[in-house]
Amino acid sequence: MSSGGGRVLHSEARVSVELQTPEMTLNIGPQHPSTHGVLRLVAKVDGERIDSVEPVVGYMHRGYEKLAEVRTYPQVTALLNRIDWTAGLANEVPFIIAAERLMGVEAPPRAQYLRIMLTEMFRISAHLLFLSSYPLELGASTPLMYALREREHVLDLIEGVTGGRFHPNFNRIGGVKPAAGGGKGQRTVVQDLPEGFLEGTRRAMAKVSAVCDDMEALVRGNEIFQQRTKGVGIIPAEKALEYGVSGPNLRGSGVRFDLRKVEAHLPYDRFDFEIPVGENGDCFDRYVVRLEEIRQAARIVVQAVDGIPDGPLRAKVPRVIKVPKGECYVRAENPKGEMGYYLVSTGGRGPYRVKIRSASFSNISVLPWLLEGVLVPDIIAILGSLDFVLGDVDR
Amino acid sequence: MSPSESRLRDLISDVCPSAVWREELGTAKLSIARSDWVEAHRALKSRFPFFSWLSAIDWAAEVAVGDAPEMEEGEQMVERFEVLSRISDVSDGDGLILSTDVPKEDACVDSLTGVYAGADWHEREAAEMFGIDFIGHPNLVGLYLPDGFVGHPLRKSYALLSREVKPWPGDVDVEPREGDG
Numbered sequence: 003m004s005s006g007g008g009r010v011l012h013s014e015a016r017v018s019v020e021l022q023t024p025e026m027t028l029n030i031g032p033q034h035p036s037t038h039g040v041l042r043l044v045a046k047v048d049g050e051r052i053d054s055v056e057p058v059v060g061y062m063h064r065g066y067e068k069l070a071e072v073r074t075y076p077q078v079t080a081l082l083n084r085i086d087w088t089a090g091l092a093n094e095v096p097f098i099i100a101a102e103r104l105m106g107v108e109a110p111p112r113a114q115y116l117r118i119m120l121t122e123m124f125r126i127s128a129h130l131l132f133l134s135s136y137p138l139e140l141g142a143s144t145p146l147m148y149a150l151r152e153r154e155h156v157l158d159l160i161e162g163v164t165g166g167r168f169h170p171n172f173n174r175i176g177g178v179k180p181a182a183g184g185g186k187g188q189r190t191v192v193q194d195l196p197e198g199f200l201e202g203t204r205r206a207m208a209k210v211s212a213v214c215d216d217m218e219a220l221v222r223g224n225e226i227f228q229q230r231t232k233g234v235g236i237i238p239a240e241k242a243l244e245y246g247v248s249g250p251n252l253r254g255s256g257v258r259f260d261l262r263k264v265e266a267h268l269p270y271d272r273f274d275f276e277i278p279v280g281e282n283g284d285c286f287d288r289y290v291v292r293l294e295e296i297r298q299a300a301r302i303v304v305q306a307v308d309g310i311p312d313g314p315l316r317a318k319v320p321r322v323i324k325v326p327k328g329e330c331y332v333r334a335e336n337p338k339g340e341m342g343y344y345l346v347s348t349g350g351r352g353p354y355r356v357k358i359r360s361a362s363f364s365n366i367s368v369l370p371w372l373l374e375g376v377l378v379p380d381i382i383a384i385l386g387s388l389d390f391v392l393g394d395v396d397r
Numbered sequence: 009m010s011p012s013e014s015r016l017r018d019l020i021s022d023v024c025p026s027a028v029w030r031e032e033l034g035t036a037k038l039s040i041a042r043s044d045w046v047e048a049h050r051a052l053k054s055r056f057p058f059f060s061w062l063s064a065i066d067w068a069a070e071v072a073v074g075d076a077p078e079m080e081e082g083e084q085m086v087e088r089f090e091v092l093s094r095i096s097d098v099s100d101g102d103g104l105i106l107s108t109d110v111p112k113e114d115a116c117v118d119s120l121t122g123v124y125a126g127a128d129w130h131e132r133e134a135a136e137m138f139g140i141d142f143i144g145h146p147n148l149v150g151l152y153l154p155d156g157f158v159g160h161p162l163r164k165s166y167a168l169l170s171r172e173v174k175p176w177p178g179d180v181d182v183e184p185r186e187g188d189g
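Residue numbers (my numbering), protein chains in the order written: chain R, 3 to 397; chain B, 9 to 189.
Treat the hints with caution; some may be incorrect.
Straight-line Cα separation of at most 20 Å, DMTMM-like style, residue types lysine to aspartate or glutamate; simulated pairs [what the hints assert, rightly or not]: (1) 327(R) with 78(B); (2) 209(R) with 308(R); (3) 68(R) with 90(B).
One-sided excerpt, in silico: chain B residues whose CB lies under 10 Å from chain R [claimed, not checked]: (4) 53; (5) 71; (6) 84.
No lab work stands behind these hints, which were simulated from the structure alone.
Given the structure is predicted, the values throughout are model-derived calculations rather than measurements.
Backbone N, C-alpha and C define an ideal beta-carbon position, used for all residues, glycine too.
With the hints as extra help, turn the sequences into a complete structure.
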């Protein structure tokens, strides 16, 4: 019996696999409940057992790498928001930092703190979405209400600062968006953070931590949830690395690695936080890692609220941005994993080439290997646990 | 934060002694010969087990979209595809970009799928976007583009139809204002 790299099939005991049936091709998707976007799986099944799976992607392909070549640098960030739309701002940051490095510009400390604070708030928002929708895919609808309620507080705060809930387009080369109220004759009016934002953020983080405790009891400790996820969809660490699986999916497999600890693109070294990891690399571990990451992100946000320095939001940059010749790769720990941009400039007003390294692309490229030999009812549990966004796969 | 050159040099000196090392703004890049492409990855895999991405750059003097590359006086653009891969570790964050030049008239390079399984989709994407052949790839079919799509969109010679019809009004909000230096 081939079960894909000797993985243990938890459901084996419960489903009769004696009966041999003719091979059947099963089309799953493009639209089905466990995707944020559209993904089609062409599965060859033998009864309840999957022989092989071919994911068909590209339904969301918008050609951002090409579009970036015909836009100026300030225009590109509006596209990048839409890659992983559950964490729009987090996509902007590495690209902007790559351009800043080539130009030799550095954002002022207040802007850097805001980048960290908002990235972590988007991480909380993205993970809360996962925390609520994943149990839903497995048949539990109540957690959705709890987690989405608190997510709304976070999104309101993000909207207060950036003007957008999902597509903030907030980062600028040299810092963050200066303010509303520009225009002729008003250029000295510089608006900073909205009134009450920092206090509101502190309160929201307390609520977020509280909902994590709720989810802990409601989902993590739930016997049905455990039965559906423990021992299912195991990704061993070495497979994860070879396929470029990153972020919480990699940490679920027990690899204690987080780009926030090793990359110097933002001053994360001034913050105190831990990297949660799983043990078995199964769906359950991936859930628990994200649950724990919300708590850690909330810790970072509170520390940023306490320590945010005063000062300008943007460094002095020319009005017409031209980036000197050069190449550099900047990556960041996004909610889904390693998000990076290889930016090639030849001195023009727009990039010559941008390679967008998005996390979900590599995270689901492991699917043909991972789904081989599993049972049909486990497909949704496994897909959901990888927490991918199709915009992040197709770009 | 970036890997020290000497350690890596030892690691791959047997495989590709002609490798050229360049480090710029925290990004380390090792340019190797096309014939060493797979062996260099094999030699580095134990040091860098994480396969991050693979892609290419179309270096062209004439472009159908965007700004043409600015050249220094007397500088000549070498027309070629540059195939890039990024591999890294998961302990101290070291990583490396491997690069090799592929001539346009013979756009092919050996596939990395035998070394890093994760190269599969990346090579399929690069193949359809640039028209580069990855020799030995088990299933080099399109990834994103619909059936019957003609052309390789990320080549610099590939024009964007919508931009041909109507130029992007990209200059409007960056015109110099009064008082700008």
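Hints that the structure is at odds with (numbers, increasing): Violated hint (a single one): 6; every other hint is consistent with the structure.
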